[in-house]
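There are 2 protein chains.
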Amino acid sequence: MSQLSDRKPFLVYENPTIEEALEVVRAAVSGRKTLIVVGNCCVDYHGRASSTLEPGERILIIKEDCSVLVHRPKGYEPVNWQPSGCLFHTHKRKGTLIIRAIRPKSREAVVISFDRVYAISVLSLIDRGEFSLHASEEDMQRAVLFQPSLIEEGLKPITYEKMVDPGFIDVYGIDRDGKMVVIEIKRKTAGKEAALQLAKYIGSLKLEANREVRGILVAPQIAKGVQKLLVSLGLDFKFLDPKKCTEILREMETKKLMDFFQETPGSPT
Amino acid sequence: MSQLSDRKPFLVYENPTIEEALEVVRAAVSGRKTLIVVGNCCVDYHGRASSTLEPGERILIIKEDCSVLVHRPKGYEPVNWQPSGCLFHTHKRKGTLIIRAIRPKSREAVVISFDRVYAISVLSLIDRGEFSLHASEEDMQRAVLFQPSLIEEGLKPITYEKMVDPGFIDVYGIDRDGKMVVIEIKRKTAGKEAALQLAKYIGSLKLEANREVRGILVAPQIAKGVQKLLVSLGLDFKFLDPKKCTEILREMETKKLMDFFQETPGSPT
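Line by line, the protein sequences give chains A and B. Everything in the first sequence is counted per my numbering, starting at 1495 for the first residue and increasing by one. Everything in the second sequence is counted per my numbering, starting at 1495 for the first residue and increasing by one.
Hint data in this document are derived by calculation from the structure and do not stem from the laboratory. The reader is advised that the hints may include incorrect statements.
Which copy? The list can't say, so a pair holds if one copy fits it or any two copies do.
[Said to hold, decoys possible] Only pairs whose alpha carbons sit at most 25 Å apart, straight line, appear in this in silico SDA-like list of lysine to any residue:
(1) Lys-1586 to Leu-1701
(2) Lys-1682 to Met-1657
(3) Lys-1682 to Pro-1598
(4) Lys-1588 to Gly-1623
(5) Lys-1656 to Thr-1590
(6) Lys-1568 to Val-1506
(7) Lys-1568 to Val-1658
(8) Lys-1694 to Arg-1705
(9) Lys-1527 to Leu-1505
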């Protein structure tokens, strides 16, 4: 408890000299604090690629895990950054504070040179809150297209966002027995409306194709009484967790990158 | 000039009450300042997907273009963010400062609720510096694989990083006349060493394949005297700008995403 009450979550040094700034930055980095430096700087990056940023007023953030961000006053993306685990070399040269953030494994370096520092904030933040992300319906649809066995073995998607008279079908395909399948995806609890909507799509498709059509309602959970409605409408329900879809999309992103290189035909020798 | 000297690039409000914080945030947002709020908050996101972040001490940045970032004390990525052009609704409810950043087009909202504010920094930053990014050799290689006409019409890459006795060939392929081609890529000025390295690869391949092999040195520029050396070695030079490669890779990323959906076979109806 005394540790907590002694803690100063926020300390600010306004208009420090370059010497003072150097001292504050060194102490904060070695003490594993989070650091926000506001001032006029230029930035160079050297590694597999390289970049230069001409002088201007920016925000430098060094986090307690030794990750680095340089932010301009516009745009949500940092102009330069380094992941966690950087090593820092700081020194003064010709009236300039030079902060070199080096990624030891890849020998990449971001070098930030301040000729003027307006303020340095030193933060000791406690953050143990859990972050939960839930996929969108579009994400779930993409995950099903990428990995149809999420719904059932042997399912082959043919198209998505297929237009039928009452609206757009999320996923449309053929099951292992060659039957047409219509899939309706909900990212929250599937209610009565979702079941009726799916039944409408099937009615429209049956008229159009003049053959049997299966319907599967896909959602993380089902509202009370809807299971009974589904049975009476002759529709199936498949549980699908949006979190699982998020994981599959991450795998997909990785796979796409690998596939790109594997697409070039093998060497003839 | 008086405008510049009147400017206060950095103002800080330490330990404001929730009422004071509300006032500072409102004035800064309507005055199109860049704003850094440090305090204890929770964050909710609602849109196509959704997320929740339990309470903890974080850094909120609102930029002058109305983009938003929420940073935890670890990790280079923001935990929540919104692009430029957000609308802000701020109010106080039950002792909490609530900042709602709404993306009007997509109706997505990030809601940040502070029950404690340690400090608010209000920044007026001037940043007109130009940012220049130069591609890596690996980027240039990928661009050539993706769009071989960068080197010459009719070139068909067969493989990359092909191992021969003296090392790895950057790109290896067949030209429009069916001749074998070896490509060596440099992202800076190609010097004598690059030319000799390419000649070695070709020597090794000629022995292996027992057929004619062309060599092309690819770089944004060539060192003095190296053109003459290339001619004497029977090698070609092709100018390639790393910036052009960066542009092509961006196009490629977009195309890959579109291809993913076009890969699913067309509807039979």
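Treating 25 Å as the Cα threshold, decide for Lys-1527 and Leu-1505: within, between, both or neither.
Result: close both inside a copy and across copies, 11 Å intra and 22 Å inter.
25 Å Cα cut-off: does Lys-1656 pair with Thr-1590 within a copy, between copies, both or neither?
neither (61 Å within a copy, 46 Å between copies)
Intra/inter-copy verdict for Lys-1682 and Pro-1598 if alpha-carbon distance must be at most 25 Å:
between (44 Å within a copy, 23 Å between copies)
Checking an output row: Lys-1588 and Gly-1623, CA cutoff 25 Å. Within, between, both or neither?
So Lys-1588 and Gly-1623 pass the 25 Å test across copies only (21 Å; inside, 44 Å).
Tell me, please, which holds for Lys-1568 and Val-1658 at an alpha-carbon limit of 25 Å: within, between, both or neither?
neither (44 Å within a copy, 48 Å between copies)
Please sort Lys-1694 with Arg-1705 into within, between, both or neither, judging by C-alpha distance up to 25 Å.
within (15 Å within a copy, 66 Å between copies)
With identical chains, the pair Lys-1586 and Leu-1701 could be close in the same copy or across copies; at 25 Å between alpha carbons, which is it: within, between, both, or neither?
neither (78 Å within a copy, 56 Å between copies)
Up to 25 Å CA-CA - Val-1506 versus Lys-1568, copy category
Both: 23 Å inside a copy, 20 Å across copies.
How do Lys-1682 and Met-1657 come out at 25 Å by Cα distance, when the copy is not named: within, between, both, or neither?
within (23 Å within a copy, 52 Å between copies)
Going down the numbered hints, you'll see the structure goes against 1, 5 and 7, while the others check out.
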